[in-house]
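If you follow the hints, you should be able to join the two separate chains into one complex; please do so.
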Amino acid sequence: MSQSTQNAVNSSMDKDTEPAVPIKMRGVDVCVHYGDKQALFDVNLEVPEKQVTALIGPSGCGKSTFLRTLNRMNDTIDICRVAGDITLDGQDIYDPKVDVVELRARVGMVFQKPNPFPKSIFENVAYGPRIHGIGQNKIEIEEIVVNSLQKAGLFEEVKDRLDEPGTGLSGGQQQRLCIARAIAVSPEVILMDEPCSALDPIATARVEELIDELRENYTIVIVTHSMQQAARVSQRTAFFHLGILVEEGTTDQIFTHPNDKRTMDYITGRFG
Amino acid sequence: MSASENITTQNIITGQDPARAARLKKRYASERRFKTFGAFAVLVGILFLALLFISIFSKGYTAFQQTSIQLTVLLDEKVIDKKGTRKIKDLGKAIRYSKLVNRALYQKFDIPLKGRDSKKDRSLAKKIISGEAGVQLRDMVLNDHGLIGQSVTVWLLASGNADSFIKGQISRDTPEARRQIKDKQVAWLDMMREEGTLEKQFNTGLFTFGASSRPESSGIGAAAVGSLYMMLIVLALALPIGVAASIYLEEFAPTNRWTDIIEVNINNLAAVPSIVFGLLGLAVFINFAGLPRSASIVGGLVLTLMTLPTIIIATRSALKAVPQSIRQAALAVGASKTQSIFHHVLPLATPGILTGTIIGLAKALGETAPLLMIGMVAFVKEIPLSPMEPATALPVQIYMWSGAAERAFVERTSAAIIVLLAFLVIMNMSAVILRRRFERRW
Chain A
1 MSQSTQNAVN SSMDKDTEPA VPIKMRGVDV CVHYGDKQAL FDVNLEVPEK
51 QVTALIGPSG CGKSTFLRTL NRMNDTIDIC RVAGDITLDG QDIYDPKVDV
101 VELRARVGMV FQKPNPFPKS IFENVAYGPR IHGIGQNKIE IEEIVVNSLQ
151 KAGLFEEVKD RLDEPGTGLS GGQQQRLCIA RAIAVSPEVI LMDEPCSALD
201 PIATARVEEL IDELRENYTI VIVTHSMQQA ARVSQRTAFF HLGILVEEGT
251 TDQIFTHPND KRTMDYITGR FG
Chain B
1 MSASENITTQ NIITGQDPAR AARLKKRYAS ERRFKTFGAF AVLVGILFLA
51 LLFISIFSKG YTAFQQTSIQ LTVLLDEKVI DKKGTRKIKD LGKAIRYSKL
101 VNRALYQKFD IPLKGRDSKK DRSLAKKIIS GEAGVQLRDM VLNDHGLIGQ
151 SVTVWLLASG NADSFIKGQI SRDTPEARRQ IKDKQVAWLD MMREEGTLEK
201 QFNTGLFTFG ASSRPESSGI GAAAVGSLYM MLIVLALALP IGVAASIYLE
251 EFAPTNRWTD IIEVNINNLA AVPSIVFGLL GLAVFINFAG LPRSASIVGG
301 LVLTLMTLPT IIIATRSALK AVPQSIRQAA LAVGASKTQS IFHHVLPLAT
351 PGILTGTIIG LAKALGETAP LLMIGMVAFV KEIPLSPMEP ATALPVQIYM
401 WSGAAERAFV ERTSAAIIVL LAFLVIMNMS AVILRRRFER RW
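Chain order of the listed sequences is A and B. By my numbering, the letter at position 33 of the first sequence is numbered 33, and the numbering carries on one by one without gaps. By my numbering, the letter at position 125 of the second sequence is numbered 125, and the numbering carries on one by one without gaps.
Taking CB as the label site, the calculated pair distances span:
no.	chain 1	residue 1	chain 2	residue 2	range
1	B	Ala-422	A	Gly-60	53 to 61 Å
2	A	Arg-81	B	Lys-363	41 to 49 Å
3	A	Ile-202	B	Asn-268	54 to 62 Å
4	A	Val-101	B	Leu-47	52 to 60 Å
5	B	Thr-338	A	Arg-81	21 to 29 Å
6	A	Glu-49	B	Thr-338	26 to 34 Å
7	A	Ile-134	B	Asn-256	36 to 44 Å
8	B	Thr-338	A	Asp-85	25 to 33 Å
9	B	Ala-422	A	His-225	53 to 61 Å
Calculated from the structure, these hints are not laboratory results. Even for Gly, the Cβ is constructed at its ideal location relative to N, Cα and C.
So here's chain B without its partners, still in its complex pose (with noise of 0.2 Å):
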């Protein structure tokens, strides 16, 4: 099709004429090698694109599921709660509740009670039950008092090796020294799929648990919730005090020295290292303001002046975008230049103000290292309730997983960028969303 175009072109334009033959098709040439170039360009990136979520989906699929084993416990009170006053200084105590799962894996297993030639086997038992077993069954029976005495059968998440044997990822066929899971421990697992009393069921846990030195007890909970809370106070500061800032700049300030100093900086900010601003951080809000450490809102509050000159700059180039006509036509009708602006100049400017915010707020969500600096990198447990507490965010929360060497926390820390990565998708997809309904509506 394109080469009977170039020939009949040729033939009308060219004519006899060789030398300017040879000149237009040198130009076709050098359009087809920049088009050539381009397209490479752009597979490349696809390409390396393709390759991080190849690796990090296939590292990571697997922690969206965790083994369970299924088991009957009986809730002694004898050992939960001695006395019967059933107050929570008796009842809390997990390391009964253990005991108690683990006496029922005894049972299932065959091994006697007690009795020095089987404490190998019982140890080896104990290890393929999380220790968190025990804070399961505690939970449940502070909810619920009349469990005490009855038999319930429940499901208890797996230790993180036998998740890890289940899931292939610790082979049958390594030597038993130097495997995590024991021949006898095989033997159990496999009896207990068999049976249907071990599963792989969704992982919930991994969205809902804080940290633990256990890896299937641990989750992004509360590293979400303080991405969470930074994001709003980020998105609550950042966002009015950055669009009023460019407002200003851009309408109402007059260029002279200080407004192109002021504007030198902006963009000087925008391009410090966001560990500058963890310092600063640091310095200001924990040290001299007092604000707790490790707590959400000093994260949230350095994001803010890491996001600032971001919006500021989109926003103001969203400002500028919007034809001087318009203003010109809203003054001539008698509008003040504050109506001009917020009538008729801001929301014209309104989805380039939001995809800069979004992006911004997305540039935020992945920041690390201010994080660092303001103590964020801490171990959190409980999720926070309030951003005075103590927490983490998640890009914290990977980079601390990456540090850990259970097969386990290699899979959650691949999960979590899988979260991370998510979460940036669906923000900035809401930008390009917001931005065609605004320019719609219009």
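This is chain A alone, in the form it adopts within the complex (with noise of 0.2 Å):
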């Protein structure tokens, strides 16, 4: 199974016509169990620098499970237990040398439920870098909200009202506020949970352009239950069924001709 996984992998790879992007993020045979029911089955999944990957699938297949091995969220489940390789830049994530806290401002994480701490706009992009101790003074902090919620293109709307709570703003708002607390430490990887399903059709085009954007400074990798959401903002897609990863590939390739009967049938609707 992996095996053929594996070489639809490298024929997809052969057929791209892009030049050989840098692995960011690889995972290697990983199996996560919550107590005695396993989740994963031997995954195997490289995510490419600076290009968003979509993680579809019906739900329980695992797609979140996977998202969260990546920045060890799973960590603070008492029962989860994961096996295999990660990899960041080609070292273990899952090495106890590893600072989960470090790995965690390196992999940022967005949730499907916007989440913002309930304090001021300002505090929510703010806390990050002073954890962090990445900005000195008020200035330099200022300097990174600023620039992130920039990014996050939510400064036009709250620069007048960076001070009120960040849970007054709309759902659309609070999950751009909660990407831009994302950026704010600068990390390399973002993770997104189905950032949009909370979201009305409006809000979810206005994230799906920034994710657009943040491609370009920023490794994504994004669970997503729409497909035509997977269609439009992602490059590569990989396809989980029942803890499986079934299929992994270039968008266009797996939307148009998918190896597996199984991903035909989920991206035609049979099932899911």
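Next up, the structure:
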């Protein structure tokens, strides 16, 4: 199984006309157990630098679980065990020597439900830089905040009310605030766990645009339920089913010529 | 309004179906019935509360006033300091000042200072002024030696019985033989009242005096200070220990058999009768650790043990109520677990923690039984200057007064209850206010 996937990946890579992109993160034989239940089976996936990789698949297929292994958010769950290798720039992130705090500063995350801190907009963004000691004084922190909000496309909307609570913004604005918060610690990778599932279509469009802009500077991995969204924002797509990475390739290839019947069935809406 | 609504709903939804209309009617009826039950239950609660307040206030409000008598007393040096030493050994004897007070009274009522026939009158006259009046004068003189030899006009406490009579608690209509205040004393009191040398004044003594065998000079001062020390000790110990324990159990501890056992036992401890904590305090703090008996430090420690489970339970549920997404948000920007807890979770849980703490404190403030076990039911005259000194507590003072026979103690019992209730109301209100303030900030 894993062999055939590997072949599929290789063949799709060969067909790629673009020059080979460096690999930012790589998962090798990743298995995840929740207690006795296995959630992921030998997942091998490469995340290319400064591209958007979409993880799609039906509910409970393990795509969110895989996403959370990339910045060790699964550590917070007592019964969760992760096996296999996950590397960031070739370095094993599950190595006991790796500081998980440092890792999460490099691999940021945006969640399904916008979860701004119940503090001011400014504080939301400034929190990350502060705890990491980025920005020595007030002016530098302010610069980072403004810069991050601008990158998240939120600055124009909130510049007059930076000291108002972040929770008072609309859902879409809150999500962009969360993205700004993630950007503020200058991560290299941003993980997004269904970032638009709680948003209306207009806010969704705005966030998707933003993802497209962010691709220039960041490596993005996005979990999404919407295949249209995956098609719109991503360069590469991976299809998960029942804890198995079924197929992975360029988004074009996955949505036009999937190699696996299950992928075909899923993207044509026959299940999921 | 609601009736017309019902009719239109019936018309529109039920249409012609009578069975359906009947079902709907039944549903509305059961809703109304339940609402009535609820309102009735609330009403009963309010009724009992009102009864409690009315009975306590009607008995206790009089204690906030105290009858005082104005007397002009000659501070005769021959009596208070025969040798002119000005030493506390001589000046400090309250009984000598009482003599002077009595002399002034006899003169006021035209009773001969000597002689067999007037002996009875003298003893009656003495009884309308407090035995504590001498102490009042002594304290004045000790503060200012220059007063010796002069005549001073002062307000002195009336005796408990005279006070009760003036307040109408001892009725004029009772036959003299069964009355605590005799006819002659009644006449004197009336005379002084007319002349303006007898007045009901605000009873500051109620708040400043310690225990006394005389009701007019007994107050909740020592008890209130003892309670204050204990509350400070409870706050200083139970809050940090309780919060730290809760944070550890809720955020760090693995879920296994041990934490389960700890959890069950914390809940059990919260339900343990408070007197058991008193026994524990007696055994551990007094007999084993050798801390002084009757001291508020021991009381504070015992109440700390008693309050801890309450605070832990409240804090844990407050921590649990903080959404998981906040913790994840903090972790995802690279906060450590400790940072995520102290920067985000704890501030959000603060209102709940404060409410739990204040309710725990209020419970501790009203606690009596464990304090009886560690000897805080003591006759403490002086206001304790440190938690190591003997003290009582407000509820214990109430308990002690409630056993006393004098009329004036009955009203003081109720007054002390009013003060205690006032403290509890203030504490609970501050819990509500703090809660509001903290919630608004977010």
